[in-house]
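Taken in order, these protein sequences are the chains called A and B. According to the numbering used here, the first sequence is numbered sequentially starting from 169. According to the numbering used here, the second sequence is numbered sequentially starting from 19.
It cannot be assumed that every hint is accurate.
The calculated label-pair distances, taken between Cβ atoms and stated as ranges, are [stated by the list, open to error]:
hint	chain 1	residue 1	chain 2	residue 2	range
1	B	Gly33	A	Ser188	41 to 51 Å
2	B	Gln94	A	Asn185	42 to 52 Å
3	B	Pro127	A	Asp238	24 to 34 Å
4	B	Met98	A	Asp186	40 to 50 Å
5	B	Ser87	A	Leu222	41 to 51 Å
6	A	Asn225	B	Ser45	18 to 28 Å
7	B	Pro127	A	Gly184	41 to 51 Å
8	B	Thr62	A	Asp206	17 to 27 Å
Straight-line alpha carbon distances no greater than 25 Å define the calculated DSS-like cross-link-like pairs of lysine-lysine that follow [unchecked claim]:
hint	chain 1	residue 1	chain 2	residue 2
9	B	Lys99	A	Lys239
10	B	Lys99	A	Lys187
11	A	Lys239	A	Lys208
Sample of chain B residues at the chain A side, in silico, Cβ under 8 Å [claimed, not checked]:
hint	residue
12	Arg77
13	Phe81
14	Ser83
15	Tyr88
16	Pro115
Hints listed in this document are in silico derivations from the structure and should not be mistaken for laboratory results. Every residue gets a Cβ at the ideal spot worked out from N, C-alpha and C, and that includes glycine.
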Amino acid sequence: DTAVSQTPKYLVTQMGNDKSIKCEQNLGHDTMYWYKQDSKKFLKIMFSYNNKELIINETVPNRFSPKSPDKAHLNLHINSLELGDSAVYFCASSQGGGQPQHFGDGTRLSIL
Amino acid sequence: GQSLEQPSEVTAVEGAIVQINCTYQTSGFYGLSWYQQHDGGAPTFLSYNGLDGLEETGRFSSFLSRSDSYGYLLLQELQMKDSASYFCARTGGSYIPTFGRGTSLIVHP
């Protein structure tokens, strides 16, 4: 009965590959987010969707493409992975913007 | 800008009280939230202040002063398990959430 679940938990891959991270929430929330947390623990928002519509798209390389098939899912696809993409990626959801966010356990992406 | 400033590290002993401050830039400010993150874990929501004043939740309290663009998280009766990173987060115009860089709290026996 995990509230926000993301898979995989660990992702180790080579530079240049394409990979996807999936996220699902069973809280009935309208808004979902993707964050990147670097090695210095800085949490930076990448994208936010509200009811399947993109509402926040911060300065992120266009190699990163979010997809929301329904309001309970927000997946992140990354093309042509680079060394600098190594980080922990967190999915989160909330009942509307500005409300408390519930985070998934994170996906630890390591680029070789 | 949308930056938030908080101390990088705070240390305290078990049983003590500690205050973690957060200052923010005012453009498009709606409210201030606090999150806790243990090493290797996910951020978890602690508290939210949309109005000036103190919000209390058990051993944790959070305060906001809009006129001073300032808030703090107060942790009482510190326990070893409180050792973690604490983030203040601002919800601004268009609800773009912005997190501070986090304060590492180290609790000593």
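Structure versus earlier hints - violations, ascending order: 3, 5, 9, 10, 11, 12, 13, 14, 15
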